[in-house]
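Asks: Residue strings, one per chain:
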Amino acid sequence: MGLQNAINGIPLEWYLIVAAALFSIGLYGVLARKNAVAMLMGVELMLNSVNLNLLAFWRYLAPESAAGLAFAAFVFVVAAAETAVGLALIIAVYRSLKSVDPETLTQLKL
Amino acid sequence: MTLLIVSPILFPLLGMLINALFGQRMRERVVGWVASFAVIAAFAASVVLFVQLSQSHGEPLRLTLAPWITAGALNVAWGFLVDPLSAVMMLIVTGVGALIHIYSIGYMHGDPRFARYFVYLNLFVAAMLVLVMADNFLVLFVGWELVGLCSYLLIGFWFQDVKNAAAGRKAFVVNRIGDVGFVLGMLLIFATFGTLDFETVFAQVKVRGESLAAVASLITLLLFIGATGKSAQIPLFVWLPDAMAGPTPVSALIHAATMVTAGVYMMSRAHVLFELAPTTQALIALVGAITALVAGSSALRQVDIKKVLAYSTVSQLGFMVAAAGLGAYVAALFHLLTHAFFKALLFLGAGSVIHAMHAAHGDVDPQDMRAMGGLAKRMPFTFLTFVIGGLALAGLPPLAGFFSKDEVLLAAFADNPLVFVLLGITAAFTALYVGRQIVLVFLGEPRSANAAHAHESPAIMTMPLAVLALLTLAGGAINLPGGGWLHHWLEPVLHEAAKPLNVGLALVFTLIALGALALAWVWYRDAQRARLEVESALGRFLLSAWHIDAVYHATVLRAFYTLSTICSQLIDIGLIDAAVNAVGRSARAAADQLRAAQSGFVRNYGLLMFLGVIVLVVYFVVVR
Amino acid sequence: MNVADLETVLPFLLLATGGVALLLVDLAVPQARKSLTGWLAFVVALAAGVSALALVSGKTMKGFAGMVQADAFAYFADVLLCVVAALVILLSLRYHTARGLMRGEFYPLLLLSLSGMSLAVHAADLLVVFLAIELLSIPLYVLSGFARPRLESEEAALKYFLTGAFASGFLVYGVALIYGASGTTALGDLRAALLDNPALTSDALLMAGLALVMVGLLFKIAAVPFHFWAPDVYEGAPTTVTAFMATATKAAAFLALMRVVAGFAALSPSLAQPFEVADALRPMLALIAAITMIVGNVTALAQQNVKRMLAYSSIAHAGYALAGVASGDATAVLFYLAAYAFATLAAFVVLIAVGSTEGNEDHRYEAYAGLGRRAPLLGVIMALAMFSLIGIPPTAGFVGKYFLFRAVVASDLTWLAVIGVLTSALSAAFYLRVLMVLFMREPETAPEAEPAALAADAPRMVAAYVSAAAVLLIGVFPSAVLALLTGGELVALVR
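Here the protein sequences come in this chain order: D, R and E.
Here this note's numbering is used: the first residue of the first sequence is 1, the next is one more, and so on.
Here this note's numbering is used: the first residue of the second sequence is 1, the next is one more, and so on.
Here this note's numbering is used: the first residue of the third sequence is 1, the next is one more, and so on.
Treat the hints as calculated values from the structure; they're not laboratory data.
Ideal Cβ positions, reconstructed from N, Cα and C, are used throughout, including at glycine.
Fair warning: there could be bad hints in the mix.
Said to hold, decoys possible - Just a few of them, taken from the derived set where beta-carbon distance is under 7 angstroms, the chain E residues facing chain D:
(1) L127
(2) A157
(3) F161
(4) Y173
(5) D232
(6) E235
Claimed, not checked - Which chain D residues stay away from chain R? Per the calculated CB distances, all over 12 angstroms, these:
(7) A21
(8) Y60
(9) A62
(10) E64
(11) A67
(12) F76
(13) V77
(14) A84
Model the full assembly from the supplied sequences, consistent with the hints where possible.
Replies: What follows is the structure, given as structure tokens:
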């Protein structure tokens, strides 16, 4: 019970701020890392911050309907599918170039 | 009845279809005559329609073939209209067109793509008929675009020479620039009147009158931009001299009977709108007069037999456009009609000369007038008809050109002194370059082996010359001064009062023309002068048509090219990599090192996208 | 859930189940006969298209508790998507054999991506929008890299994936914010909530969410500045996949975008358009449309590769369609997209024919020299495609542009129409260049491909005739297409 109260005592904004921070860290990862796997991790972080948002909104604003929960579940599934495909693509590139640095992929340009 | 109204369009289409499907397997003569008969049949149908129209005292014949676009307020049909104005245009297009078809049978003899040529030619005639028979702006635009397309195909017909293909593309692109104006004008018409139907729009104009003045100025200005493209006016006339690259009969068709008249026709058709916009009218008159002068002076120094005629066409179109700008639509159409006769005659005559120069084996450019001379004795019939056409162009009585040019000058004299002066000077130039051309080509002694061995062209080419020469001789009769037949005929459409003949004016211009012709004889009897004058600064200036092409290259085209390169490099790769790539072309090794130090492309994309995100979020949250 | 629910997304269900079933069936198809998988996929796509055509009616229905909506727009888009996909399958049979790509999983992946598109056009809920966009994208990432181990293909796939995942991160974050601000993700409820409580419109969370959702959708339609992926991916991907992306994806994403815009209409319900565009959205949409038209067309001028030029062309046309979105005329936009799709597909017929011959796949302009005379049929089809893309009557492109610019002018965005007309005049320069090369230039070296090889493939010829006929027929009889679109009554994108 004590834990529950402690959680209830945290205002919604805090969750949103943490989620926004997570989103920004993921964003930074995508933009700054020179490794495709790390960029993928950045994207995953962005998606997970959204889940945090969704659950917080659900808990605080509309706990009676399951929409927020369901949404979060969908985001999980999509994130997993994206990761699977993304890793497969990265491995394919790695086999050709022996590198996962997207900077080496500059054949298509202009 | 239904079929009769569209039959002028259907016949050429049918001819086109036959030649497109079976042309490869048919003999040359058969192909040529199928195409020619298609246009002759169209001409016959036009005559029948014309007679019906005159029996019904100008009551227009209409036909709605099928609905085209029906969406909400917009109803556009494939509708056609035969009224006095379109009937005259139909007769010109099919009549002159038929003669040019017949002539082409001789001129294109032996061309490997003989059938293809006639397919395009028939399509051209059909497209032009769609343009003049349309009963709304949208169908007119269909013809307008198809004509542009055909000119692209025909001007670039001998595309083996890159120059010709480029000329075709230039014609198309320049015309597209004009089309922008036309499309915008059309959109504005729809926005203002809620319809594109001629009758409804013009009826509304009459009812709403002055309240439309502002929007009418804008609409007419946009429509006029379209006309400057098709009717080769400043600043868009540059395509027409290059369009000489096509076979000579094509030049005759484009310059005399069809494409270039589209702008003048369109302005006459929409004259109700133009009359509401005096500012646009004044501008049109001025542009027409300046074009006439620039092109007329440029024709003075051309050495290519066809280029003289090309600039002459631009100049004469300037006359027509100026007349339209002055509100003298009958004069504009009259000049359009006589010009169709004598310019087709001149082009076909020039074609006959080129044909002869080409056939007599030698090593000179068959179109260079400096290598001609003395052809009068060798090609007497061509000479005779060419002189008739030339004198008509110079405006000597009683040839057709005299009457029509006189009407234009008369209108300018009454309304706009500046335009009158410009056109008057141009009239003198016209006689001068006509005289120069006749002297250089036909008189004196042959100046090359080709010219010395030239022979008269076959009958199939000279017969159309004879017909056109007769029309040129007698064509003036259809609108004698003081309210001739054409005035009465167009009265139901244009509602224009006739002006009486001004004898003094006519006399002055006849004398000016005679004087200029005499001057040409004195100057160019010795061909040396023609050779030298091109070398001078003024000669080069005029030869290149006031350097307008060069100006375009230096400004508009370069600006586009630079912009496009900037976009491709800066915007698309991102600022940093553009710099890298610019260096990279000259020094690849250095670029590779620089690139290694720079961020990769995908992340650049991400970064630029993120900037876009920030802009969007800031806009929606803060600015909104 | 009941049977009526299923009916609202019947094409989607056919495609999704067909795609999954085909994955299994393909296991039993011997490697030498993978074209059988292709034909089965063709049948599934056609069946879905026919089901959509049969369901078109004036009625608007909602299903699955308001998550999806079935209306004339959605079914029209379904038909368009399925026809395009069926034609792409026909084109791919020979191309994949020639390029050594005849692997069975191509066709199920295509169908699954197509099912995502079909779902996107029926979406009436932001959650469904997100799911549909992912469902159409993830197979496309794989398809872009289908020509592995060819490096350009892998590069295209990875670039598409990284930028695409990045964009969908924004999209889903935006949906979450909207959910937080309004308590709902259903577009109809959202609209009602905005109407009830106008104060919501100044809610920073809601507006930020809207901006982020727009980002995700603008990315899919390749609008500037979210277009960077498109040229690289279009050039590197197998040509069949490019054809599919350039036509179908765009149409699906546009309808989804319009539904979202209509959901936010209540921001300021001042306009009684076919669908309302909030005053807050309109200037931004118009601005992006203008920039997209300019960047796409101008950059296309400088291209040296036909395939890449068509990528920029697709960006430019996204700009035109976006101008239609800003004007709020869904009919004009969908009509335009159909006209654009068939013209682009007709152009890709020629590219795929060239790519189906032996030797390296080469789409530089020089490689096309004299092709129009060696293979006149391909030349004519390319000419039709280019004329339609320029917008010359009486092709579909002309009528499409006409409707579009009329709608734009009618919604007081005349300046945007002016830019549109100017840029499409400019576009004549690079579209005609293709025809110049095709008809008026001699090849530098002896052509490798014989005309017979270029024209021999029967399925490809069917695709060629269908797309060319569509370009012409839509241009001459646009009313038939419009009848399908409006279906008798005015359709509300969101209710």
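Asks: Hints first: check each against the structure and report whether it holds.
Replies: Against the structure, the hints:
Hint status for E:L127 relative to chain D: holds, with the closest Cβ pair at about 5 angstroms, below 7 angstroms. Using the Cβ-Cβ criterion of 7 angstroms, the hint placing E:A157 at the interface with chain D is satisfied: the shortest such distance is roughly 5 angstroms. With its C-beta approaching chain D no nearer than about 5 angstroms, E:F161 sits inside the 7 angstroms limit, and its interface hint holds. The beta carbon of E:Y173 comes within 5 angstroms of a beta carbon in chain D, closer than 7 angstroms, and the hint placing it at the interface holds.
Of the supplied interface hints, the one on E:D232 holds, with its beta-carbon coming within about 4 angstroms of a beta-carbon of chain D, less than 7 angstroms. Below 7 angstroms, beta-carbon pairs count as interface contacts, and E:E235 has one with chain D at about 5 angstroms; its hint therefore holds. At the 12 angstroms boundary, the C-beta of D:A21 stays outside the reach of chain R, the nearest C-beta of that chain being 16 angstroms off. Even its closest Cβ contact with chain R, about 22 angstroms, leaves D:Y60 beyond 12 angstroms, as expected for a residue assigned away from the interface.
Non-interface call for D:A62 relative to chain R: holds, since the shortest CB-CB distance, roughly 23 angstroms, exceeds 12 angstroms. Even its closest Cβ contact with chain R, about 29 angstroms, leaves D:E64 beyond 12 angstroms, as expected for a residue assigned away from the interface. Separation of D:A67 from chain R is adequate, the least Cβ-Cβ distance of about 24 angstroms exceeding the 12 angstroms criterion. No Cβ of chain R comes within 12 angstroms of the Cβ of D:F76; the nearest lies about 24 angstroms off, and the non-interface call holds.
Non-interface status of D:V77 relative to chain R is upheld: no Cβ of that chain comes within 12 angstroms, the nearest being about 24 angstroms off. With 12 angstroms as the threshold on Cβ separation, the claim that D:A84 sits away from chain R holds: the shortest Cβ distance comes to roughly 20 angstroms.
Violated hints are absent here; each numbered hint is respected by the structure.
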